[in-house]
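Visitor: Sequence:
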Amino acid sequence: MLAAYAVGYGSPDVLEVRELPIPTPSEKEVLVKVNAAGVTRAGCMMRTGRPLFGRLMLGLFRPKHPVPGSTFAGEIAAVGPQVTEFKVGDRVAGNAAEKGGSQAQFLVTSADGVIVPLPEHISDSIGAVICDGGITGLNFIKVIAQVEVGQRVLINGASGSVGSSALQVAKSLGAHVTAVCGSNNVEYVKNLGADEVIDYRTQNVMNHSRKFDVFFDTVANYSLKRVRPILTESGIYVSPVISWPLLGSVLFSGMFGKQKAKFAATGLAEAKIQRKWMKDVISLINSKKFQFEVNHVYSLSQIREANQFIDSGHKRGNAIIDLTLPITH
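The sequence shown lines up with residues 1 to 329 when you count with this note's numbering.
No farther apart than 27 Å at their CA atoms in a straight line, the calculated lysine-lysine pairs in the DSSO-like style are these:
{"id": "1", "residue 1": "K262", "residue 2": "K279"}
{"id": "2", "residue 1": "K262", "residue 2": "K225"}
{"id": "3", "residue 1": "K279", "residue 2": "K171"}
{"id": "4", "residue 1": "K33", "residue 2": "K279"}
{"id": "5", "residue 1": "K288", "residue 2": "K272"}
{"id": "6", "residue 1": "K87", "residue 2": "K99"}
{"id": "7", "residue 1": "K211", "residue 2": "K260"}
{"id": "8", "residue 1": "K289", "residue 2": "K272"}
{"id": "9", "residue 1": "K64", "residue 2": "K28"}
{"id": "10", "residue 1": "K99", "residue 2": "K33"}
{"id": "11", "residue 1": "K260", "residue 2": "K142"}
Each pair of labels, with its calculated beta carbon distance range:
{"id": "12", "residue 1": "K28", "residue 2": "K225", "range": "40 to 48 Å"}
{"id": "13", "residue 1": "K64", "residue 2": "V149", "range": "40 to 48 Å"}
{"id": "14", "residue 1": "K64", "residue 2": "M206", "range": "38 to 46 Å"}
{"id": "15", "residue 1": "K87", "residue 2": "S243", "range": "38 to 46 Å"}
{"id": "16", "residue 1": "Q82", "residue 2": "G182", "range": "46 to 54 Å"}
{"id": "17", "residue 1": "I273", "residue 2": "E196", "range": "30 to 38 Å"}
{"id": "18", "residue 1": "G150", "residue 2": "K288", "range": "21 to 29 Å"}
{"id": "19", "residue 1": "E98", "residue 2": "I22", "range": "15 to 23 Å"}
{"id": "20", "residue 1": "N184", "residue 2": "Q82", "range": "45 to 53 Å"}
{"id": "21", "residue 1": "G150", "residue 2": "K190", "range": "14 to 22 Å"}
Hints were generated in silico from the structure; no laboratory data involved. For glycine and all other residues, C-beta sits at the position ideal for the given N, C-alpha and C.
With the hints as extra help, turn the sequences into a complete structure.
Guide: Put into C-alpha cells, the structure is as follows:
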C-alpha cells in the first residue's frame, strides 16, 4: 500500500509517500480500506513534535508511529477472528489516534476503539472529519463549557473545523454566538447560525460592549489573562490547543476569582465516550442541525501541500486526503 510517512519532526518537508506492507489485523482488530483521512491542526502540531513534552508520547527523536493521520472513513476490508461488531464491506468512520496511520490506503484499528458505522447518506469526506472538528466542538461546548440556553458564547476561529462545529453545537443548545473570523468568511459563519460576527482584521474583540460566559479560543492567540475584561464574573476561557501558559491557567485560575481556564484532550477520552459523541454528531447531521464543509481536498501525493495549507492558519471548514484520487510520485 501507499502511505504518507514522516522521516522525523519538522516542516511539511519531513513527509513523503512510501510503499509499505498492508497491515494484518489481530484477533480483535479490523483492517480498514481508507477512502478519506482528515488533515488537522492537531496532526500538524504532532508533525512538528511541539510542544516538546508531547514527544514523551509521540517519540523522543522521531515519531514512533511514522504514518500520520488519525481520523478516517472507508470500508472494512478484513476482520480478526474475534470481531463480531463489523463485517467485510461495512462503511465506517473513526479515529485511530492511539497509533495514527489514517493517511494511508489501509489501516488497522481495534474493533472496540473509536470506530462506528457510517450511514449511507453521509459521504466518506464528511465521515473523515466527524472525529476532528465534530466531536471536539461538541466536547468543548457541551461537556467542558456546559453551555446553556441564553448564554453568550464567543468563538475565536469560528470558520475552521473546530470553530464551525462549536458554533453549530452552541446554537443547538440555545446560546447566543459571536463568531470571530476573517472578512472572507463572514457570510459562511452567518449561514451556520452566528448571531453576531467580528471581523478580526477590522475589529478588536476586546472592545466588545457585552461580556461573554464562554470564550472558546480554537486558535489559541488569546489567554485567560487577556480576555478577563470581557468575561462575566464566572466566565470561562477554553482552548483545545495545549501550551504551558494554558496549563498554568487551568491549574491556578480558580485561586484568583471565579473566572477559569479549561482544557481537555478530546482524542484521549475513552473510546466508548468518543463513539457516543460521534453518534451524537451523526444525529445532529440527520436532524439537519449540523453541516460540515469540506472544501480542501488533496491526494496522498499532495501531503506536503496539505500540511502547508493547515500551517498557514487560513483553513475554512475541513481538509482531507482523498485516498481514492490518483497518486503521482
